[in-house]
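Chemist: With the hints as constraints, model all of the structure from the sequences given.
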Amino acid sequence: MGEELESTAAEDGTVFAAREAVGHLRRITRDFPHLATQPVRVALDTWDEEMFRKGELILVQRQRAKAEHDAMEQRAIEIIEFGQVDDALDMINREFEKEIDYLELIDLVGKDRYIAALAREAIELKQNSISPEQAAELWNSLGKPTLGDEHWNATGVSVLMKG
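Counting in the working numbering, the sequence shown runs from 11 upward without gaps.
Simulated from the structure, these hints should not be mistaken for lab results.
These numbers were taken from a predicted model, which means no experiment stands behind them.
Any given hint might turn out to be false.
To be verified - In silico DSS-like pairs for lysine-lysine, Cα to Cα no more than 30 Å straight-line:
| no. | residue 1 | residue 2 |
| --- | --- | --- |
| 1 | 136 | 76 |
| 2 | 172 | 136 |
| 3 | 121 | 64 |
| 4 | 154 | 172 |
| 5 | 154 | 121 |
| 6 | 136 | 154 |
| 7 | 76 | 64 |
| 8 | 154 | 76 |
| 9 | 108 | 76 |
| 10 | 121 | 136 |
| 11 | 121 | 108 |
| 12 | 172 | 121 |
| 13 | 108 | 154 |
Said to hold, decoys possible - If you anchor each label on the Cβ, the simulated ranges turn out as follows:
| no. | residue 1 | residue 2 | range |
| --- | --- | --- | --- |
| 14 | 104 | 33 | 43 to 53 Å |
| 15 | 140 | 100 | 13 to 23 Å |
| 16 | 120 | 76 | 17 to 27 Å |
| 17 | 76 | 28 | 36 to 46 Å |
Where a beta carbon is used, it is the ideal one built from N, C-alpha and C, also for glycine.
Modeler: In structure tokens:
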């Protein structure tokens, strides 16, 4: 997270530095017109405040997107810590008006939390007399990703059912 803040600060500083550099070049070319080359004059004519505003707008949009992602990540972690994978997916999609899938949810919460939620679900399925084979079939039909094998099988679900 610290790297992301540094990146945002660097981007913000870049917009400021570019604005300052253009200002200095304009003063130099005004005071010493004979030193300015034609490409520099053309560049200074095209660099206007609108370009800086666009750069700042892009920066603000990135900051908003990051803040939304961070909020979504935090909420997904809160939900999956005690809930099931599908509940977390449904709630995130509803609360944030998104359509994330299982893989995106795993990216948000991390593999360990995903596996822990699956283990809780597997134990609940076992308590409801659902066999590992049936659970594997259910999870495969829902498209729940495994973290290794291509598809869920009874062995993988059994490991989770042991908790």
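Chemist: Now tell me, hint by hint, if it's right for this structure.
Modeler: Here's how the hints hold up against the structure:
no., hint, verdict
1, 136 to 76, "violated, 39 Å"
2, 172 to 136, "holds, 9 Å"
3, 121 to 64, "violated, 38 Å"
4, 154 to 172, "holds, 19 Å"
5, 154 to 121, "holds, 13 Å"
6, 136 to 154, "holds, 18 Å"
7, 76 to 64, "holds, 18 Å"
8, 154 to 76, "holds, 26 Å"
9, 108 to 76, "holds, 15 Å"
10, 121 to 136, "holds, 22 Å"
11, 121 to 108, "holds, 21 Å"
12, 172 to 121, "holds, 18 Å"
13, 108 to 154, "holds, 18 Å"
14, 104 to 33: 43 to 53 Å, "holds, 48 Å"
15, 140 to 100: 13 to 23 Å, "holds, 20 Å"
16, 120 to 76: 17 to 27 Å, "holds, 18 Å"
17, 76 to 28: 36 to 46 Å, "violated, 21 Å"
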